[in-house]
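**Student:** Residue-level listing of the chains:
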Amino acid sequence: MDKIPNNRAWWLVLPVFILVAFSALVPLMTVVNYSVQDIFGPGQAYFVGTEWFREVLTNERLQESLIRQFVFSGAVLLIQIPLGIAVALMMPKTGIKASLCLILLAIPLLIPWNVVGTIWQIFGRGDIGLFGWGLNELGFDYNYTGDTGDAWFTVLLMDVWHWTPLVALLCYSGLRAIPEAFYQAAEIDRASKWAVFRYIQLPRLKNVLIIAVLLRFMDSFMIYTEPFVLTGGGPGSSTTFLSQTLTTMAIGQFDLGRAAAFSLIYFLIVLLVSWLFFTAITHADKKQ
Amino acid sequence: MAEIQLKSLAHSYSSTPSDPADYAIRQLDHVWERGGAYALLGPSGCGKSTMLNIISGLVQPSEGEVLFDGRRVNEMSPRERNIAQVFQFPVVYDSMTVYDNLAFPLKNNKMAGSRIKARVHEIAEVLEIEDKLYRKAKNLTADEKQKVSMGRGLVREDVSAILFDEPLTVIDPQLKWRLRRKLKQIHEQFDITMVYVTHDQLEASTFADKIAVMYDGQIVQFGTPTELFEQPNHTFVGFFIGSPGMNLIEVKRCAEGVCFGTTVIPLEPWQIDRLELMKSANVKVGIRPEFVELARQPSDDAFESEVLDVEDLGTYKIVTVQLGDERLKVRQSEEFEVRVGGQIYVSFPRQWLKLYVDEFLVQEHQ
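Sequences listed follow chains A and B, in order. FYI, our numbering numbers position 51 of the first sequence as 51, with every residue one higher than the one before it. Position in the second sequence (first residue = 1) + 288 = our numbering.
Just so you know, these hints were derived from the structure itself, not from any lab. Incorrect hints may have been included.
As the list claims (entries may be wrong) - Mimicking DSS-like on lysine-lysine, the simulated pairs with C-alpha atoms at most 25 Å apart in a straight line are:
#, chain 1, residue 1, chain 2, residue 2
1, A, Lys-193, B, Lys-424
2, B, Lys-405, A, Lys-206
3, A, Lys-193, B, Lys-420
4, A, Lys-206, B, Lys-424
5, A, Lys-193, B, Lys-398
6, A, Lys-193, B, Lys-395
7, B, Lys-426, A, Lys-206
8, B, Lys-420, B, Lys-405
As the list claims (entries may be wrong) - Below, a sample of chain B positions facing chain A; criterion: calculated Cβ distance under 7 Å:
#, residue
9, Pro-366
10, Arg-367
11, Gln-373
12, Val-379
13, Phe-392
14, Pro-393
15, Asn-396
16, Phe-591
Glycine included, every Cβ here is placed at the ideal spot set by N, Cα and C.
Generate the whole structure from the sequences, applying the supplied hints.
**Tutor:** Now the structure itself:
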């Protein structure tokens, strides 16, 4: 077939181009724009090159916040993924009990972030909160507003309570997709519970686990509202995570150049780590 | 190795069975002797797989007992019964290699590494999958998967029994025949009780010493292939075994024996005596196509009939004749000359003419 060159056909791409431009490129470019300039007011902008980036990368407050963020996300994954799998394994398979479990699990997922923060803020209080009061009554010296360890413990516990159900639900759906024949064959082959988990269930959970790990990493890495409501980042700055540091910088101090440079780095970190997770898991499978 | 006894066993998948139709297995007693090679033959849905699952322990029978060497095992799991079962739809652990699949039951039994290796290679050689041992099971073809699935059953040495649930359905005919021979050899070599479920009579008779024919939740006959052919105990066995199956004619009682239409079929005196003792109106006579005799000349005990159809199957012919209202199949040698539409004289040798009341054979000694 002969091709007839007609460059006007490029106009057909225009709607998509506009859509993508407005949804992604333009907002992102605004940030890029701010990140390379120092803007004092309308008409008073100076090009500063990579200065903001260099400054942000050497800023101690940000470095500490970044480390804190990685520790938090790491802890979230280490706790929530195994716990989610365990919960999914223990759930009943059919009947009214299964439905009941699913509903109970789904409830935390439906609660808005700031409400979750508020719930735990009250729940953990030593005077009127059941949890805080209970711990104190049991003889533990628990005070999440004053003690760094207690604050971390509460923030982690809150996130585990809020998001482990997501991992559990994903794993539960993965487990239900395994045909009964595999369990029968394993029973005949005299496989132990552990062997069934290791060689039958876990390999078949791989795909949902990739999704769970990626979702939980991205979400926890961008966490803002819940710790902000619960601890306000304290005591001191011990639970101030990256997005809170960023917000303080952008809105509190109106330091737009630095905040923009920092946003870009933040975005790249999320992208990079997610990509690393994804390739690591899919690659490990190919190598076998 | 064990003797497997089923004692007044019955099973229903419904929790409140009310009539016999609710039962997948109707009350039966049966013994699979130690070290035997058995086939369980029957059409789809007759309860074969249910029975196998009850023996292995995957299904709990609703009534009756399962005994291994006289010991009740109803409450024991398949793991405790130490039984191997090969499923109709092959199950392979697809995240593992073929080798690991075959080694899996042995590892679960905590066998030593070097023995596992030897045993896996031995079985892989038998099943002709040695070159695929280190491949991932996910990428195997359907028949290779079935071989791996079967291998996991054969690899264990100390099992009470090996149960096969139509294990060769997706394997091509050439290999099917070879594998059946291999199974037989394995049986002779290791003397393990084997029960082989199939709906293919040829498969059953090449594998087994004795065949249990199952129909509608019951074992209607248990015997050697010859017994099933010559003395079908139930009209279903007559119909199901043989190709084509037994000719079965519904008859009425009359003076000299039984009759249909205007044709009177004389019976042996003992058959008449026994028939008189039974009241049922459901009476049939049966004769295998191989035993019906055809002649071009009339004789005393022959009935005149018309040739409807002749199928030439290469080594023999199947002739269909019309006798009164009934159509009969007759197997004849290739040399027998016969013309469609022509007259022919049919006779039934007494010794091969079977009498059935309520679908069960009337026997001389009972």
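**Student:** Are any of the numbered hints broken by this structure? If so, which, sorted upward?
**Tutor:** 2, 3, 16
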